[in-house]
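K.L.:
Read off the chains here:
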Amino acid sequence: MKSKTRLLLLLLMLAGSLTLCLSLDAQQAMPSDAQLLRTYNASREISLVGTVVKYETASAVPPMGAHSIIQTASGQVDVHLGNAKVLEANHFTLNAGDSVRIVGEPMALGEGTYFAARIVQKGTQAIAVRNAKGFPLSPASTLTPAQREVLRGVR
Amino acid sequence: MKRLLTAAVAAAALWATACTGGHPAITPPPPSGNYTSASLTGTYAFVTSGEAITSGGTSATPFSRTGSFIANGSGGITGGVYDVVNAGGTSSGPITIMSGSSYTVNADGRGTLTFNINSNGAPATVNFAIVLTSTKDGLMMDETASGNQASTGSGNFILQNTAAFGSAVSGSYVFDFSGVDASVSPESFVGQFSASGGVVTSGIEDANDNFTLTNGAISGNFAPDPANSATSGRGTATIAGQTYAFYIVDSTRIRFVSTNTGGVGPMLTGDAIVQPTVPAAPSGSFVFLVAGASANGGLTRVARFDVSGSTVSKLLMDVNNAGTETEFSPSQLSNASINYDSTTGRGIVSFQSSSTNVYSFVFYLSSASNGVIQEVSPNDTSPAFAVADGSILAQSGSPFTSTNITGPYAMNWSGLVTSGGTFANQDEEDLLAQETIKSLNLSGTYDLFQFTGLTLDTDRGSTGSINFNGGDGTGGDGKSATLNVNLSNASQIHMEVYFVNPQLAFFANKDNNGAQRIVAGILKAQQ
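The listed protein sequences correspond, in order, to chains A and B. Anchor point for the first sequence: position 105 equals 105 in my numbering, and the numbering is continuous, going up by one each time. Anchor point for the second sequence: position 470 equals 470 in my numbering, and the numbering is continuous, going up by one each time.
Next comes chain B alone, as it looks inside the complex:
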């Protein structure tokens, strides 16, 4: 899931309105499932994005990590390195994950990661909650709350194929790097490149830096990190003039984080996904989620459409623009069009809700069912309405019902929440949960970190429900699906949910019940 652009930080300890009143405390269900410590075995590439406040700091600052850790299958983290980049550009890395680091995994796939590291010459720890979605991947949430650092953020980890570490980067890839520029204004890059022997031989990108859209050719190169390449897949790269650290996941994916030797530059993270061949023009049903910011504030869009040839139909889109939520039904979205370049996988889909509200998105497909997407409204002209990007995926497996939406799922959301009280403010909120879905009802356990008051809740019970509102669950029939979530001692949170397939869904909040929010997230089935 794409991280939302975060705002500032709360220093005072407050109770957010989201966590007072409302639903009573919920007893978490006992962990059940087949996961064990052995489920986390091997070398995993991870990424988190969020914000941190350090000892003596006056405000929290957005930052991202990307790296690699080695789990021994019995609760030990035996090594690893990672890179950190902060908003404004200071970067650190590779940071060594030291001996004594550890992890836990419960039967339900929930667990923890604890990294022992060195911070400014002194021992320190960083802590994460995790939910395994298989033995090969999972979701994670930063919940460090020590005297040195409090940090939150959401991300994921993927099993690396260490056999791929020795290979020079080659092949065609589609990428999405997003974050903030050196001035801490929003920035997004999506594109496609082909590399051979660690050199980008051709490439294009669409950039949106602080509402200015550009596109054009890019160049670049990759080099292994002699000290860490063999154990973590780490290397360094320059793409379109920006330096990055990268981590090879396997032959299909590379993770990137920007590095800035001078201490000033962008904070960017993202993945490049292999594009084995340029896919044919998109056909069928698609769901997309973009997140970012407009001049009003935080922005999320989650939407779906059908495409056949040049005809785009059955549009549905839910928007949260700085706390104002709007659902556009198929009858409210018109003049849809799509064009596609079959030599690169680049396309643009556009539609409108009125003559003055035109929505345009550029996308790059890595396969017929997977791609990255960036908002270029209105009509691909600057100034852009927003800086926002995310994922576009083929929708399959419908109708979605209680029969195929069932079993254990990991759930994560990230974004902004407004707290109440005397010192009311807005700040980041991250939630990571494991939920069992039965008869479209949810029951599970969550961790929640609200930076509005540096309030970390762990191991709390949650319930919820999914409602297809009489439709087939795709939204293509104009009947949107909703997800209501009950957290302990909080007002019910209402989401619009778009199922990509029975194993994956995107969601975003549909109203401000309980608290003003701008969050988006995913539900992902556990294997």
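Pulled out of the complex, with its shape left as it was, chain A reads as follows:
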């Protein structure tokens, strides 16, 4: 029941984000002001729809973490999915050929840009991988109250 509630919540978040959908083309959507790209701003969120070309749990390409190359209608986009363990904890898998919808926004890093995912959806399953301020979630972010209580045994 709790997992259903969480799924509904995530879907509601996703639906809200989709109303802000600006474009299916992340490259064209990137603001020109580089300063805007330094911090995550939910008002800039867009939605990518495409097909997984490649998924790596720990890419050698920064930012550190899981990356996926998504084939969109207008080209390939490097999507940073944060900590792969968050996806795994939610039994969320990505494989080449999967159709996905990703809510997030372009971010600047070094000399380049990448697409920072906040919510990843495949079929009816949607998983948050960043919080609303853009901070990549850890598995600890998703612990249930019961799982938190178990931590009282940590010494």
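I should point out that these hints are in silico values taken from the structure, not numbers from a laboratory. Treat the hints with care, as some may be off.
Stretch by stretch, here's where chain A covers chain B in the computed footprint (C-beta under 8 Å, at least three residues) [what the hints assert, rightly or not]:
| # | region |
| --- | --- |
| 1 | 50-59 |
| 2 | 79-90 |
| 3 | 443-451 |
| 4 | 487-501 |
Ideal placement from N, C-alpha and C gives every residue a C-beta, glycine not left out.
Since the structure of chain A is provided, determine the placement of chain B on it from the hints.
P.N.:
For chain B alone, coordinates are given in the frame of chain A:
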């Protein structure tokens, strides 16, 4: 050193790419030095921050400990208590360190601590590696790997002055508490308070909770723990509405860890350092290190600058932003400014690498040479670029050369590493070593815990080198100093190192040679 915000956990046993190939195995040098079991005598306040996975758990969770142990000078831990807080807010304590607990100290200052404790009604042990930096302090690393719990993390311990335990908290202090909030988002508080008879009479703080910056007045109070105050210096406090357990170190320092009776709240740790008088405006050379997270992931900045009046010059900064490392030379950093409030010790230093990349840091000085610092880029406005904090220290004793950078040092780093393999992932890495530096070459022994595969290596040999690249070692001449570290069976790890003085240096990795890393650490001379 500030703990980096940790990410998640690996459950599968893997070999990290950092520990395969590369430099061959290195034979550790035989321990040499003057340390003995008697070097660890007295009551010590300790802190560690890292992450743990318990039996039956599916993932590791960040947690922190702060407490006190009593070493008898002959290998026995005769008592002590500590508090634990986990990410999300569950906290436990005071946990009693039971009889039969023990420690070892080798001639080189390396050793172990073993705490016998009770976990959910059953006997358990937690284990640490230590390196003494004197008989009064040392660095430590959690390396518990039992059937009940695997945990890693870095920290330190400081000899307590038990004569200070009976005094109500009074005086002015500068503090830095950091960790995560109740939602496991990054959080940092730096500030200053004055207390009298256990009551905060005035105080201010700068907060950064999940990229939202605020600042303002704070209140608080302190009360001794009747059961443990006399033996461990433990008490409880409320500061700015948050409850803490605290441990008095001496008249100059108090250690804090957040407590949450309801099981939900922040995971915060930090120290408050006495501010005898508000220092004059900063003058001279300074080095700072901040660590934390941006929206990209983990973040470290290690930097230095000169200040004279309102003029800030000779800037040098190395940044690791989620695995992308950048060094900004003095010519790349401009429009620097500093302002300072001589009534509180609060200041802000700012500079930029371009019109769109402005770096700002708020700091509080506890003395002319020591303070805490928090990033408030860009320009002290929300949303902040990052949640990161750390230490700012006056730089002295240059030029740094093979003549004054010599002898035995303790070395510790902590952060994130990416493993390779089929189930590649990112997770915490902690290293604790003792290194002898001669002619700017390192030789020593280390313990390394990589949670990417729950891989604990102990008593491994290491070598390395320091290179001042033709400069005076301060970085003020634009010539950065580097530290290359060879671990057994691993690719060489490249660091940028900033010497604070000949006895202390901050460092952070400068590239991803061998493995993608976001780590920062310290070199500290052994006395």
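K.L.:
Test coverage of the region 50-59 of chain B by chain A using CB-CB distances below 8 Å; three residues minimum.
P.N.:
Result for this restraint: holds, n = 6.
K.L.:
Count the residues of the region 443-451 of chain B whose Cβ falls closer than 8 Å to any Cβ of chain A, and tell me whether that reaches three.
P.N.:
violated (count 0)
K.L.:
Counting residues of the region 487-501 of chain B that have a beta-carbon nearer than 8 Å to any beta-carbon of chain A, does the count reach 3?
P.N.:
Contact hint for the region 487-501 of chain B vs chain A: violated, 0 residues under 8 Å.
K.L.:
Examine the region 79-90 of chain B: at least three residues should have C-beta closer than 8 Å to a C-beta of chain A.
P.N.:
n = 6 at 8 Å, threshold three: holds.
Comparing the model with each numbered hint stated earlier shows that hints 3, 4 do not hold.
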